[in-house]
Amino acid sequence: MLEQNPSKEDLKDADYYDIALKSMADLDPNANEDQENELKRMVSYFFEREIKRELLNDPSLIGKTKDVYLTASDDLDQVFKGNYPRDLPEDQRRVTDYQLKIFDQLVELGKVESKFNLSFFTYPDSREAELAGIASSFMGSIFSILVCLMIAFPVAVLAAIYLEEFAPKNRFTDFIEVNINNLAAVPSIVFGLLGLGILLAVFQLPRSTPLVGGITLSLMTLPTIIIACRASLKAVPPSIREAALAMGASKMQTTMHHTVPLSMPGTLSGTIIGLAQALGETAPLILIGMVAFVNTIPGSPLDPAASLPVQIYIWAESAERGFVEKVSACIMVLLGFLIIMNLFAQIIRHKFEKKWS
Amino acid sequence: MKKNGVKMIKINSKNVDVFYGKKQALFNINLDIEENQVTALIGPSGCGKSTYLRCLNRMNDVIDICRVKGQIIINDFDINDKSCDVVRLREKIGMVFQKPNPFPKTIYENISYGPTIHGMAQSKNEMDEIVETSLKKAALWEEVKDRLHEPGTGLSGGQQQRLCIARAISVKPEVILMDEPCSALDPIATAQIEELIDELKKDHTIIIVTHSMAQAARVSQNTGFFHLGELIEHGSTDKIFKNPENKKTQDYITGRFG
Ligand SMILES: Nc1ncnc2c1ncn2[C@@H]1O[C@H](COP(=O)(O)OP(=O)(O)OP(=O)(O)O)[C@@H](O)[C@H]1O
Ligand SMILES: [Mg+2]
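Chains A and B, in that order, are what the protein sequence lines are.
Mapping to the working numbering: the first sequence position 122 is 122, numbers consecutive.
Mapping to the working numbering: the second sequence position 49 is 49, numbers consecutive.
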């Protein structure tokens with residue numbers, strides 16, 4: 001779509017803006033300065049980077065001419081898809097008549113194409129719809145879920161083992177039991193407030209981070225895992241416990257060697273379902289600030305990040321038509337993720353059931 | 001077994017009472033169990049046979065509401081004493097349950113579990129040997145020697161029960177308690193187990209609860225008859241079956257009730 005003759009300077013430090021701009025301006029040799037600006041705005045905000053990337057991939061291109069596809073601005077993207085209200089008067093549109101004219105010429109020449117937008121998966125969020133991606137929110141979700149798993153799983157499993165196998169039946173344990181069931185019914189936004197009030201305000205943990213998000217989510221996941229683990233401990237036949245005890249195994253050995261391993265498939269699938277719930281949770285994360293605009297990809301649970309459902313919320317609130325498609329794509333990614341997790345839970349359960357009965 | 005004509009007593013129960021909560025299940029049981037003999041416990045359902053059996057390896061401890069009173073003396077030691085180490089006791093007194101309950105692990109692991117937790121094998125070879133001899137004693141070796149590492153739950157009912165017997169003898173217990181070990185089995189498997197019991201009494205003292213008069217007559221040397229939580233009569237199997245002293249015993253044996 002454009003021709004270029006890059007200088008022989010160090011490729012990385014080179015400034016591609018002028019070349020890029022010139023190549024756009026070449027679309028209409030007779031354009032005045034205003035029109036040149038309009039031409040520039042037809043492609044995405046950082047279009048010179050795309051040229052640079054092309055060159056970095058293949059430095060031998062220097063001095064040659066190559067056609068490169070540039071990402072169109074989100075408005076033109078909509079024009080191309082036929083979603084744009086072309087019949088509005090010009091002063092109510094963001095795309096000018098001049099831009100439309102040039103664009104139509106390009107379309108006629110077959111120089112415009114719809115392509116799969118890989119950068120959706122590799123870019124963080126952006127104010128420009130065509131550049132916005134889920135990399136930040138995806139990593140944020142992954143880190144939150146990992147933190148949640150690492151906290152909730154051991155605590156919940158130990159709690160379930162204690163309550164089911166060791167705790168005496170008395171008022172105190174009844175009280176704990178009732179409260180675990182209550183905890184499972186607490187609206188998630190309340191956990192968000194707890195995270196805000198305690199983790200952020202009292203413990204001064206870094207705001208907007210998967211660490212805080214994960215801890216908050218782990219509080220929600222805890223009762224789910226406890227209940228699943230207790231149910232599968234209960235389902236272990238008493239005859240197995242008796243067999244082990246009669247062989248002279250202590251209570252602890254019986255529990256650790258027989259009961260707990262047998263309960264693991266149920267516990268694990270309960271855990272995955274709990275994590276899937278946590279993955280889709282939005283309200284508590286909004287309260288602890290994971291709703292902030294994050295245009296970096298987090299490298300650890302301590303970096304600010306968004307999460308997938310919150311990303312959907314942010315984009316759904318944005319005005320540009322381009323974000324509607326981003327929301328749809330993000331929902332598909334999230335749903336795909338959830339389906340995979342639930343499938344995994346099912347497989348674990350199925351596989352182990354088959355093996356021993 | 002008689003040594004110099006004197007019966008050797010392995011287990012000596014004195015005034016044993018058992019309560020489930022407020023309900024008394026056993027009343028003042030006094031029963032001696034002879035060493036290296038098979039003792040059968042018979043009686044109508046709910047009379048307390050299992051309860052008594054479970055006193056002997058303190059399995060009643062597992063039931064919260066269950067309380068046991070009185071003395072049960074094994075090897076001159078009262079197992080109801082506070083100083084009794086239940087783990088050691090259960091190593092010495094093995095148990096086979098009504099329904100075969102192998103661990104959902106491999107055949108090998110089923111047998112090696114007891115020796116492992118009691119530290120009875122120093123090496124893999126020793127363990128292999130224990131597994132082999134236990135399975136041989138339980139007359140199961142020939143059937144499973146090629147599939148030791150397959151799940152024990154994949155065996156037939158009768159094989160599973162013999163696996164449970166092999167598991168029980170793997171720790172070389174002095175006494176083996178059997179609670180209706182054949183009630184879930186067909187006649188052929190039952191015959192195999194009965195043969196096995198006869199074999200096992202050389203090395204172990206065996207107490208078996210059974211609902212089958214014929215089985216009691218076939219396998220046991222001594223018999224105790226329970227009724228409504230009381231031990232009505234006990235003595236040699238011959239005498240109990242041919243010439244019972246108590247009217248209730250006679251009625252039960254001749255099938256008039258129970
Ligand atoms: N876990 C328990 N809790 C309360 N009561 C019990 C419990 N186990 C047994 N009992 C009661 O103790 C009495 C004796 O029961 P036990 O199981 O010893 O009888 P059994 O002679 O073995 O009967 P069966 O031949 O049917 O096995 C019964 O009345 C029974 O209801
Ligand atoms: Mg019974």
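Take these hints with a grain of salt, some might be off.
Straight-line Cα separation of at most 30 Å, BS3-like style, residue types lysine-lysine; simulated pairs [what the hints assert, rightly or not]: (1) Lys105(B) with Lys234(A); (2) Lys169(A) with Lys99(B); (3) Lys172(B) with Lys251(A); (4) Lys99(B) with Lys137(B); (5) Lys234(A) with Lys99(B); (6) Lys251(A) with Lys239(B); (7) Lys251(A) with Lys137(B); (8) Lys137(B) with Lys169(A); (9) Lys251(A) with Lys82(B); (10) Lys115(A) with Lys169(A); (11) Lys82(B) with Lys169(A); (12) Lys7(B) with Lys251(A).
What the hints contain is simulated information worked out from the structure, not anything from laboratory work.
Each hint, compared with the structure:
1. With a C-alpha separation of about 19 Å, the suggested pairing of Lys105(B) with Lys234(A) holds against the 30 Å cut-off.
2. A distance of roughly 28 Å separates the Cα atoms of Lys169(A) and Lys99(B); the hinted pair therefore holds under the 30 Å criterion.
3. Between Lys172(B) and Lys251(A), the direct Cα distance comes to roughly 21 Å. Compliance with the 30 Å bound is thereby established for this hinted pair.
4. A distance of roughly 20 Å separates the Cα atoms of Lys99(B) and Lys137(B); the hinted pair therefore holds under the 30 Å criterion.
5. Restraint check: the Cα-Cα separation between Lys234(A) and Lys99(B) comes to about 19 Å, which is no more than 30 Å; the hinted pair holds.
6. In summary, the hint linking Lys251(A) to Lys239(B) is not supported, as the alpha carbons are separated by about 42 Å, beyond the 30 Å threshold.
7. For the hint pairing Lys251(A) with Lys137(B), the CA-to-CA distance comes to about 29 Å; that is within 30 Å, so the pair holds.
8. Proximity of Lys137(B) to Lys169(A) is assessed by CA-CA distance (about 42 Å); at most 30 Å being required, the pair is judged violated.
9. In summary, the hint linking Lys251(A) to Lys82(B) is supported, as the alpha carbons are separated by about 17 Å, within the 30 Å threshold.
10. Restraint check for Lys115(A) and Lys169(A): the C-alpha separation of about 64 Å exceeds 30 Å, so the hint is violated.
11. At roughly 23 Å between alpha-carbon atoms, Lys82(B) and Lys169(A) fall within 30 Å of each other, so this suggested pair holds.
12. Straight-line distance between C-alpha atoms of Lys7(B) and Lys251(A) comes to about 37 Å, which puts the hinted pair past the 30 Å bound.
Checked against the numbered hints given earlier, this structure breaks hints 6, 8, 10 and 12; the rest are met.
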